[in-house]
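Novice: The whole structure should be built from the sequences, with the hints applied where relevant.
Protein chains: 2
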Amino acid sequence: MRKVTIKDIAKQLNLSTSTVSRALRDSHEIGIETKRKVLELAEQLDYTPDPVALSLLNSHSNDIGVIVPDISNPFFAIVIAGIEDVAFAEGYHVVIYQSHDDYEREVLNVKHIYNRRKDGFLVAVATNTTDFSHFKNLHDKGFPIVFFDRIYEEIDTHKVAVDDYEGAYNATKHLIDQGCQRIVHISGPPHLLISKRRLQGYKTALLDHGLPYHEEYVWSTHFDSQQSIEVARQLLKSAIHPDGIFAASDNIAIGCHAAITEAGLTMPKDIALIGFSDLPMAAMLNPPLSSVAQPAFEMGRSAAELLIKLIKKPNENTQSITKVLHTNVVIRASSLRKT
Amino acid sequence: MRKVTIKDIAKQLNLSTSTVSRALRDSHEIGIETKRKVLELAEQLDYTPDPVALSLLNSHSNDIGVIVPDISNPFFAIVIAGIEDVAFAEGYHVVIYQSHDDYEREVLNVKHIYNRRKDGFLVAVATNTTDFSHFKNLHDKGFPIVFFDRIYEEIDTHKVAVDDYEGAYNATKHLIDQGCQRIVHISGPPHLLISKRRLQGYKTALLDHGLPYHEEYVWSTHFDSQQSIEVARQLLKSAIHPDGIFAASDNIAIGCHAAITEAGLTMPKDIALIGFSDLPMAAMLNPPLSSVAQPAFEMGRSAAELLIKLIKKPNENTQSITKVLHTNVVIRASSLRKT
DNA sequence: ATGAAAGCGCTAACAG
DNA sequence: CTGTTAGCGCTTTCAT
Numbered sequence: 001m002r003k004v005t006i007k008d009i010a011k012q013l014n015l016s017t018s019t020v021s022r023a024l025r026d027s028h029e030i031g032i033e034t035k036r037k038v039l040e041l042a043e044q045l046d047y048t049p050d051p052v053a054l055s056l057l058n059s060h061s062n063d064i065g066v067i068v069p070d071i072s073n074p075f076f077a078i079v080i081a082g083i084e085d086v087a088f089a090e091g092y093h094v095v096i097y098q099s100h101d102d103y104e105r106e107v108l109n110v111k112h113i114y115n116r117r118k119d120g121f122l123v124a125v126a127t128n129t130t131d132f133s134h135f136k137n138l139h140d141k142g143f144p145i146v147f148f149d150r151i152y153e154e155i156d157t158h159k160v161a162v163d164d165y166e167g168a169y170n171a172t173k174h175l176i177d178q179g180c181q182r183i184v185h186i187s188g189p190p191h192l193l194i195s196k197r198r199l200q201g202y203k204t205a206l207l208d209h210g211l212p213y214h215e216e217y218v219w220s221t222h223f224d225s226q227q228s229i230e231v232a233r234q235l236l237k238s239a240i241h242p243d244g245i246f247a248a249s250d251n252i253a254i255g256c257h258a259a260i261t262e263a264g265l266t267m268p269k270d271i272a273l274i275g276f277s278d279l280p281m282a283a284m285l286n287p288p289l290s291s292v293a294q295p296a297f298e299m300g301r302s303a304a305e306l307l308i309k310l311i312k313k314p315n316e317n318t319q320s321i322t323k324v325l326h327t328n329v330v331i332r333a334s335s336l337r338k339t
Numbered sequence: 001m002r003k004v005t006i007k008d009i010a011k012q013l014n015l016s017t018s019t020v021s022r023a024l025r026d027s028h029e030i031g032i033e034t035k036r037k038v039l040e041l042a043e044q045l046d047y048t049p050d051p052v053a054l055s056l057l058n059s060h061s062n063d064i065g066v067i068v069p070d071i072s073n074p075f076f077a078i079v080i081a082g083i084e085d086v087a088f089a090e091g092y093h094v095v096i097y098q099s100h101d102d103y104e105r106e107v108l109n110v111k112h113i114y115n116r117r118k119d120g121f122l123v124a125v126a127t128n129t130t131d132f133s134h135f136k137n138l139h140d141k142g143f144p145i146v147f148f149d150r151i152y153e154e155i156d157t158h159k160v161a162v163d164d165y166e167g168a169y170n171a172t173k174h175l176i177d178q179g180c181q182r183i184v185h186i187s188g189p190p191h192l193l194i195s196k197r198r199l200q201g202y203k204t205a206l207l208d209h210g211l212p213y214h215e216e217y218v219w220s221t222h223f224d225s226q227q228s229i230e231v232a233r234q235l236l237k238s239a240i241h242p243d244g245i246f247a248a249s250d251n252i253a254i255g256c257h258a259a260i261t262e263a264g265l266t267m268p269k270d271i272a273l274i275g276f277s278d279l280p281m282a283a284m285l286n287p288p289l290s291s292v293a294q295p296a297f298e299m300g301r302s303a304a305e306l307l308i309k310l311i312k313k314p315n316e317n318t319q320s321i322t323k324v325l326h327t328n329v330v331i332r333a334s335s336l337r338k339t
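Here the protein sequences line up with chains R and G, keeping their order. Be aware that the first sequence starts at 1, since it is given in full-length UniProt numbering, and climbs by one per residue. Be aware that the second sequence starts at 1, since it is given in full-length UniProt numbering, and climbs by one per residue.
No lab work stands behind these hints, which were simulated from the structure alone. Some hints could be false.
Computed cross-link-like contacts, DSSO-like style, restricted to lysine-lysine with a CA-CA straight-line distance of at most 27 Å [what the hints assert, rightly or not]:
#1 G:K136 x R:K3
#2 G:K196 x G:K136
#3 G:K111 x R:K111
#4 R:K237 x R:K196
#5 R:K7 x G:K111
#6 R:K141 x G:K7
#7 R:K141 x G:K11
#8 G:K3 x R:K313
Cβ-Cβ distance ranges computed for the label pairs, FRET-style [stated by the list, open to error]:
#9 R:F297 x G:E230: 19 to 29 Å
#10 G:P190 x R:T34: 46 to 56 Å
#11 G:G142 x R:P49: 19 to 29 Å
Treat the numbers as computed from the prediction; the structure is a model and nothing was measured. Using N, Cα and C, we set each Cβ at its ideal position, and we do this for glycine too.
Specialist: Pasting the structure below:
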């Protein structure tokens, strides 16, 4: 029970494969009657064109790739949902790749994407990637790439990100407004652009409001709660005794939340806590977690739209655009002292 | 700057493409010297065989698919990590598909997998799938399929699941041991096999320990915390006044956890709560959530091993095996009343 | 030991 | 309006 091909139809109808091919694509140069017969038999035989043969022929696949560090991070899961939303509507299928924040895996993923003739890809760069030639090489060949969230600035292509600086500034300002004096920032991996920008927002907010900036108040960890709880425990045992914590992500904040509770301290009285991303989980904690909301779904949509634009008319898009989305601070009980 | 093909190598070396092809595959009928030259040039030109051409030729791709309802569910994310673990080691690439618990999407995913000549796939069936012919048809053609977690029993192929009955029984027994008298079960979608089995475990445990089984004590919702918090609120407002809740998943339990806290009740004193899966999140809650641990990573590994076995020697595996993994109850503060 | 030719499924000149 | 031919990149008979 093999797959039915264009050949089968041709044979049964005593036509050539090219005629069948043309009839199927509704070419104007085919007799109305022939067309009808072909379409009918195709329907009846449940014919579907072979995408692999088409890929070999046209060098494209109607698939687009998306590389994220980790699908279990709800932020990326939501971004992917946004990507699928527009891709699906435009007739593209999205193939998900995980780099597991590992450079080697990321390189493998990129190769897979290119070799399988994907039409382009979207990527949030892996944490430990420092060599970007796997992106650069493809981009130089004109392969459509869009960066999102974890952006690499040096390649001249479309990018979508959030205003990290603004979000961090406002989160920190909020803590200051709540009367916090010793505000610690727990950052993500220091070399990431998003980490740098969030740190900058934190720093500027302090300075703007007459609070000193101390390097010892800036801690750092990975973007996952397992590691963050450890770091938070250390922090709470240290001599700093923070009365406010701005965590660079919700996963980090969740780790802090658990460590604070574990230490017998209460939020927001002893420590006011705020995270970044406003994952669905944030509202479920006890007390509910304040967070800087990122439009993750919208980020996915925008990135996909830009990629598809790039795929459809590669020439018209000489100007690469960087889309900056805005955040807003969602205040919940973990940081709300005053009413 | 096109991709380098076997033809380029042939031309530069004044050989035929067939010779080059053979040399690359280290055929014995090729001169040692020729072989050396070919290999050297291939290396130098950074030649990689074109997987699309190979797919068209051999009807396979070295890709395996995995269909899950939703990647943002950490349980599935971990299963996928397990799948990738063994697939990667065996030289397969895993392509992730989301059904979003939607039948239509699932059918589309299956078609994509088949059309793109994936070597086989693993699937956790979508919640609202009631027609299984898209699986049945492929299975009848001999296409390798393995079911995991959300299993469909009627197709005779390998399956991997957890002992849901056992897990549910032990969770319920634990609540009974803690002195709970009015134990409510919040189930997942009722028609799912895992829901039925967990319900059965709950029921039997009650009966075995001299507690009555009331249908009004069984509530039901989807496997996500947003919807669960609503259901939990309703439950708490009802006349039941449960002193124990066994939630059919951690997401459901998280919703309950939030609703209980919101209502000003305390765990485990007023209500003892236990979930199912033991997601990383469970330990982070306040109070930490008890849960029935499922070996998610191991489930992924087993399922992938079975699929690859099926792919490699389809004939030898006439006997399909169903692997049942064991659970264990992880007790934390949300349910621990006695010490 | 190597080459020529056919074919995987399909489309696109190029002919009639 | 329809058929023939060539080719996407590769492997595999079948010759030599």
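Novice: Does each hint hold? Answer for all of them.
Specialist: Right, here's what the structure says about each hint:
no., hint, result
1, G:K136 x R:K3, "holds (16 Å)"
2, G:K196 x G:K136, "holds (23 Å)"
3, G:K111 x R:K111, "holds (24 Å)"
4, R:K237 x R:K196, "holds (26 Å)"
5, R:K7 x G:K111, "holds (21 Å)"
6, R:K141 x G:K7, "holds (21 Å)"
7, R:K141 x G:K11, "holds (23 Å)"
8, G:K3 x R:K313, "holds (22 Å)"
9, R:F297 x G:E230: 19 to 29 Å, "holds (21 Å)"
10, G:P190 x R:T34: 46 to 56 Å, "holds (53 Å)"
11, G:G142 x R:P49: 19 to 29 Å, "holds (23 Å)"
Hint compliance for this structure: every hint is met.
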